[in-house]
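Could you put together the complete structure from these sequences and hints?
Protein chains in written order, with UniProt numbering: chain G, 1 to 240; chain C, 1 to 240.
No lab work stands behind these hints: they were computed from the structure. Honestly, I wouldn't trust all of these hints.
Identical copies go unnamed one by one, so any copy, or any two together, can satisfy a pair.
Derived EDC-like pairs: lysine to aspartate or glutamate, alpha-carbon spacing no greater than 16 Å straight-line [as the list claims (entries may be wrong)]:
{"hint": "1", "residue 1": "K61", "residue 2": "D21"}
{"hint": "2", "residue 1": "K61", "residue 2": "E45"}
{"hint": "3", "residue 1": "K178", "residue 2": "E69"}
{"hint": "4", "residue 1": "K178", "residue 2": "D122"}
{"hint": "5", "residue 1": "K61", "residue 2": "D122"}
{"hint": "6", "residue 1": "K178", "residue 2": "E136"}
Bear in mind that the values here come from a model prediction, so they are computed numbers and not experimental data.
2 protein chains.
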Amino acid sequence: MSSTWQREVMAEIGAGGRVSDGDIVRQVRRAVLMQRLPPGSRLPEVTLGEVFGVSRSVVRKALTRLASEHVVDQRPNQVARVRAPDVDETRETFSARNLVEGEVAALTAGRLEDRVLVQLEDRAEREREAFLANDEPTRIEHSLAFHHLLAEHSPNRVLGSMLTDLILRTSIVIALYKRQGLGSCYLEGDHPCLIKHLRSGDGEAARADIEQHLTSLQGLLDLGPRDSSIDLKSILSGGK
Amino acid sequence: MSSTWQREVMAEIGAGGRVSDGDIVRQVRRAVLMQRLPPGSRLPEVTLGEVFGVSRSVVRKALTRLASEHVVDQRPNQVARVRAPDVDETRETFSARNLVEGEVAALTAGRLEDRVLVQLEDRAEREREAFLANDEPTRIEHSLAFHHLLAEHSPNRVLGSMLTDLILRTSIVIALYKRQGLGSCYLEGDHPCLIKHLRSGDGEAARADIEQHLTSLQGLLDLGPRDSSIDLKSILSGGK
DNA sequence: TCCACTTCACGTGTATACAACTGTCGAGGT
DNA sequence: ACCTCGACAGTTGTATACACGTGAAGTGGA
Chain G
1 MSSTWQREVM
11 AEIGAGGRVS
21 DGDIVRQVRR
31 AVLMQRLPPG
41 SRLPEVTLGE
51 VFGVSRSVVR
61 KALTRLASEH
71 VVDQRPNQVA
81 RVRAPDVDET
91 RETFSARNLV
101 EGEVAALTAG
111 RLEDRVLVQL
121 EDRAEREREA
131 FLANDEPTRI
141 EHSLAFHHLL
151 AEHSPNRVLG
161 SMLTDLILRT
171 SIVIALYKRQ
181 GLGSCYLEGD
191 HPCLIKHLRS
201 GDGEAARADI
211 EQHLTSLQGL
221 LDLGPRDSSI
231 DLKSILSGGK
Chain C
1 MSSTWQREVM
11 AEIGAGGRVS
21 DGDIVRQVRR
31 AVLMQRLPPG
41 SRLPEVTLGE
51 VFGVSRSVVR
61 KALTRLASEH
71 VVDQRPNQVA
81 RVRAPDVDET
91 RETFSARNLV
101 EGEVAALTAG
111 RLEDRVLVQL
121 EDRAEREREA
131 FLANDEPTRI
141 EHSLAFHHLL
151 AEHSPNRVLG
161 SMLTDLILRT
171 SIVIALYKRQ
181 GLGSCYLEGD
191 HPCLIKHLRS
201 GDGEAARADI
211 EQHLTSLQGL
221 LDLGPRDSSI
231 DLKSILSGGK
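Dropping the structure here:
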């Protein structure tokens, strides 16, 4: 747990009133997403308690919830750690999200209120602006909000909440496996294109948009060299 | 919380050693599935603690986990209750499961070890026997195990664990909305048919099997009359 | 008769104390 | 130099005490 993060959290908390487990969940989730808490970071209960000014009871509840969201790993008698999905799980998460978000998009197409479509357009536009301004955190924020909006308005709320979970998980692995030197994972035009088909009511086109979007996104990731066979080889050859 | 259930739990626990939160989760889940704990049942922390011989700390953790599994409802400052999904959520759960289990079946087809196929056949056969013997609890047990086996061996483990969740949730609503007087929700031949296509490797046929199976299952449920409009009518007409 | 208010039992929210476990570092023997 | 074992510090597991919130029954008045 970096101390710079501690200070930021303190600042954010100090103003508000009391802290609940939900606040801790949000803060930690956000910190993981923003890579302030890199995968593998230790999250001892007492330390978190001190940072947030609450006792272990509250922290424990928050950690349990974070574990059920697949954000942290909680094993018996061991410190909770920020989860670090391997490349296989990353691929599986993407294809699961492809299935679910594709279906949600197809179901949603043509059934969205104008109000929501405008909100989507707003997010897409702001994301573009943030990208042009090189403000990556803000860009991510709007991109996430875009997809969350879709999940929230899914006619099938069960699929919607599954999608919410998958959006979080893919965001984490994107942060983890983003190619070095790549400033942003912005894909110009993808979101507006999806909006167009959602508005016109072409469900299958919307599903295809999602598939294309996620495939492109996965392409920006560095998932290649870390195959299990290669790993084994490099270990046996005596690296390090 | 019925007291008959308490006695059963006591019996099951007394023999074993210490109880962990996982044990409580399993027991409660099972009791809900078997309709020993009808929807809406109150689950006070102290009472559960007494039943299982542990303190509230352990019970709280178990309840939090059960809430994340959608088995119980946990609202601030109120007793946890066994969840009672409405008919809309029931339909949505079924169609979500249709999407996910269909995909898992398609992915799995032709890629299963012989060992697993034999296990599946075994479960299907035992389910049939239990049905013929009119032993509904055992039948449900094998039916659940059948689908869980599929979920466990999904090549995509993310989808697999999502399926595990959906199997549980559909089982709960089946117990809830099963047509009165219907002894069993057994569908002769569905499982063997699926196995055939899983073995032959015909993914699309397997997907269709799942869809057909779930549609039939949903047809055995009493989801019609309880529409919100009808409910309102029956209330206004003054029936007790 | 009905409504608003008070009171109280019940149950959860939070903090804290102590027991039990895990990994690590160092001493001692081989 | 290496391996083994034991003690210790750090952390989680569990139980318990007290504070606080909620809903229901009872009470008084219009």
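We went through each hint and held it up to the structure:
1. Both within a single protomer and between protomers do K61 and D21 lie at most 16 Å apart by alpha-carbon distance, with minima of 6 Å and 13 Å respectively.
2. For a Cα distance limit of 16 Å, the shortest separation of K61 from E45 qualifies both inside one copy, at 10 Å, and across copies, at 15 Å.
3. Neither within a single protomer nor between protomers do K178 and E69 lie at most 16 Å apart by alpha-carbon distance, with minima of 21 Å and 31 Å respectively.
4. Taking CA atoms no more than 16 Å apart as the test, K178 paired with D122 passes in neither setting, with 26 Å inside one copy and 45 Å between copies.
5. For the homomeric pair K61 and D122, neither the shortest alpha-carbon distance inside one copy (36 Å) nor that between copies (41 Å) is at most 16 Å.
6. Proximity of K178 and E136 under a CA criterion of 16 Å is satisfied intra-copy only: 13 Å inside one chain copy versus 51 Å between copies.
Violation of the numbered hints given earlier is confined to hints 3, 4 and 5; the remaining hints are satisfied by the structure.
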